[in-house]
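A.B. asks: In order, the protein sequences belong to chains S and C. Here the first sequence is numbered in the UniProt record's numbering, starting from 1 and rising by one per residue. Here the second sequence is numbered in the UniProt record's numbering, starting from 1 and rising by one per residue.
Don't read these hints as lab results, they were simulated from the structure. These figures come from a predicted structure and were not determined experimentally. Incorrect hints may have been included.
Chain copies aren't distinguished; within one or between two, either way the pair holds.
Here are the simulated PhoX-like pairs of lysine-lysine, each with C-alpha atoms no more than 25 angstroms apart in a straight line [to be verified]:
id : residue 1 : residue 2
1  : K272      : K471
2  : K177      : K21
3  : K35       : K50
4  : K55       : K42
5  : K177      : K35
Protein chains: 2
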Amino acid sequence: MTGLFERHRPTLQAAVNAAAKRDYWSAYSEIPSGKIYGETAKDDGLAIYKARLGKFFNLPGHPANDTVGAEVSPFGPSLGIAYPAASVDMLVSASRVAAPQWASASPEVRTGICLEILARLNARSFEMANAVMHTTGQAFAMAFQAGGPHAQDRGLEAVAYAYAEMTRTPVQATWTKPQGRGEPIVMEKHWRIVPRGVSLVIGCNTFPTWNSYPGLFASLATGNTLIVKPHPAAILPLAITVEIARQVLVEEGFAADIVLLAVDAPGSEITKDLVQHPAIAIIDYTGSNSFGSWVRANAGSADVYTEEAGVNSIVIGATDNFAGMCSNIAFSLSLYSGQMCTAPQDIFVPRDGIETNEGHKSFDEVAAGIAAAVDGLLADPARAAGVCGAIANPATLARVASSRSLGRVVRDSAALEGLGEARTATPLIVAVDAADTDAYGEERFGPIAFVVAVDDVADGVNRAAELAERKGAITAALYETNEARILAAADRFALAGVNLSVNLTGGIYVNQSAAFSDFHVTGANPAGNASLTDAAFVANRFRVVMWRRPVAA
Amino acid sequence: MTGLFERHRPTLQAAVNAAAKRDYWSAYSEIPSGKIYGETAKDDGLAIYKARLGKFFNLPGHPANDTVGAEVSPFGPSLGIAYPAASVDMLVSASRVAAPQWASASPEVRTGICLEILARLNARSFEMANAVMHTTGQAFAMAFQAGGPHAQDRGLEAVAYAYAEMTRTPVQATWTKPQGRGEPIVMEKHWRIVPRGVSLVIGCNTFPTWNSYPGLFASLATGNTLIVKPHPAAILPLAITVEIARQVLVEEGFAADIVLLAVDAPGSEITKDLVQHPAIAIIDYTGSNSFGSWVRANAGSADVYTEEAGVNSIVIGATDNFAGMCSNIAFSLSLYSGQMCTAPQDIFVPRDGIETNEGHKSFDEVAAGIAAAVDGLLADPARAAGVCGAIANPATLARVASSRSLGRVVRDSAALEGLGEARTATPLIVAVDAADTDAYGEERFGPIAFVVAVDDVADGVNRAAELAERKGAITAALYETNEARILAAADRFALAGVNLSVNLTGGIYVNQSAAFSDFHVTGANPAGNASLTDAAFVANRFRVVMWRRPVAA
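Please put together the full structure from these sequences, using the hints given.
C.D. replies: This is the structure we're talking about:
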């Protein structure tokens, strides 16, 4: 029963070590290469994806009384896949039936199964790339990385933390209490891990796997049964995940229903009923602040872990690499058309300009420099398509349109060339003043950025940090050459609970968060109440229960 | 600034190791001996206690706009101590003013200060014993142990877990990502611990220090400021604690108001206003289920850690030491007159009796054996006073009186002899049938026990476990000689989230929970949502925030 654990133990141990050191480490290659994934992997993945289109997605033995599915690729075509759908009561009761067997499995057995699921997901990363691309609008290369190996790394990270927490207390110990000159009192004590119950994972449209895997694997490893609720527009990536999980469970002699898929159709969502069901003990949620706030208020006694949204900022004080700064920011604004929860929205620039290696640059010159860098990055249509991808939600295009009037347009948004029926938009950049809080002080999800004129870098840092405290923020970036001002900004953003990147000019972007090194979201501002992945994210997903008795003398 | 940390580092390291091994370990001697605490310590402690009576309890610099205090010893006299009282707004605003300084102290500095506070509390254990005795009704020896060294061990345990969690992520790391044949990308990363905010500790009447110290020290070590809200009937032990904490803080250059005392008078409690204040980020609560449920529902976004109440059971199947079993149970029922959250209430006995080393014993013989053991234990008035102590709350006496009619009285409760005006009561033991759930199926706090006739041991285990699932339970005990039935009971009680003690016949009692080995409460049934002390109890009391930048090539 612990064969899988032994097979994957080196990966687990390396993951536990990496999480403690926080140097670079990854278990699953981010390079979509035939040498790594097999020469036919790319074609096979595409073929499997295409073979699913227009068909019923069969999950053998899964409870169902209906079929649901209306996914449409942001690149154009309908997926036409129908998924087995069950009522909330059917799902919860199937999950509870499966629960005792999973709860009684050892942490090692459960961990081994999680690691095998991750290994199989990794082998199917090309299939997943197509599934993620055509549900989120991510370009293929990003869909491969973020939907495949990066998501798997985040899942492994959660398993590593869960395993470390579950094994922190010994299974057994002898307790020997001295009694002065008398015989000591000796007790044997036995501890076991007891899961919390049914765990609900609510996925989002833009990163269905990356954002779901930490909660999903943390809950599964700690013995809870799972109900996975995808966003109605991005079911396929999580359906594939559930399919693989159920296959591994059954092969290992467990009930498939330990992992269930909860699909619904737009307009008849079952999420609220799931959240309010008294059997749900844990909820992982990624999505909007408004629904996140509803989930937190209505989850009853369930523990809730959220990643919501916020307003991410860049503050520019000075730079010794103006061109590098502009191109780095341009990439951060353009990547997946600003649809990352980590993408910057507000760029605070002193209204009197900044000092750079190219001499003094006025506010307008800084704004123009960034706009020009975006233009340069997206000049080649093929590269533009690879960076921007498509727009997941039609409402985002409408938001871009209405944002033009919020200030002075420095760079207009436009559709990408040569992408046919795909829904696309390049970054809109609007210049505003610090006083125009109605414009830049709200999250405007999508390729929408504001260059905000402020008094100086300290004013910018303060405004960015206050915005983070009020509205939430997942990332912040600073360009500054004065060390004291850098350290002061680090202090201020820490108070606001925002992870800060300083002077990024090369191949690392503020949007990026690397498993085993960068914690994603701090839980310390309204952008989310939890962090991916720290001990706090896993330690409450189980309880420790003891029995003890005297040892006969 | 880290002098205290260095001084106490060996204690901290030993505590961290002990918590991992879970063998017997204690930092603070439970023996009230002059050899350990100083030859004059006992007299000094009593003298200091007496000198406080009838006076104003001065906390220099503490915000106050009133004085409050109406403590009356369960042994008779009024304490007559008046404490500085402040409004909720005054307390919260003083706490917030003190917060930035404490948040910016390093984990080592904060940990060192916590360890120094504990060391000074330990040195004043005799003073604390008098304070606990005359606010809770505990007999002196118990008040010394539970109010002093055992509580301090629990506080140290929380500090050890907090320190381990805070230092799990490095302060700094270098992240080096290979780039094929190119130069690697190198980043420096810096992490810091960010506290959650103002932490509220709500103490109880019966164990003002033991139950408060884990949350108090866990929150303080992790950088939160504290508002300590004692039960109006048991202020002095926590006032002394706050006094010592403030003294150490000031000596180390910190604001005294990092730790505040929130006193109120019966009938004009401020607890609800504190719980609902939006600045409160963490709440530790010990008390009734009804108010606990209100706290959980009204705490807003604050994290809530509760120890509430439950119905603890003993199930008797068989024993090879009938006399040892009866005297062990008798002590558990009598200790502090059943006013421990860990005291058993329901004793399930097969209605056809049990097999013992003294031959078959009928249901009535088992009940009579326990009753006789209580009589024997309490026959000597001095010993009875030392075991039972006094009754904290007058309502408990009324509850004893009204419980007599719930079944057949096997042993009646009576006042202790020779304790003058003290409020006392020995255990009432009532025999009922398993069908009489109205009698034994509710918590009846105090010296009230039921011997419940069940079909067999399996029936008893199931009823006890179901009661734990429905009403909560902190402890369970089993007497059984068949190993398979013992293991089955361990499985069943684990499912119900109850720590189980098997075949206790000697000097260890089901009521006792030892720091560094026994977790207290599992958090897995309605008796509480947290456990003292595991990683889950501390890991959410802070957040980790990063800043990073490229390392110049």
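A.B. asks: Hint by hint, where does the structure go against what was stated? Just the numbers, ascending.
C.D. replies: Violated: none.
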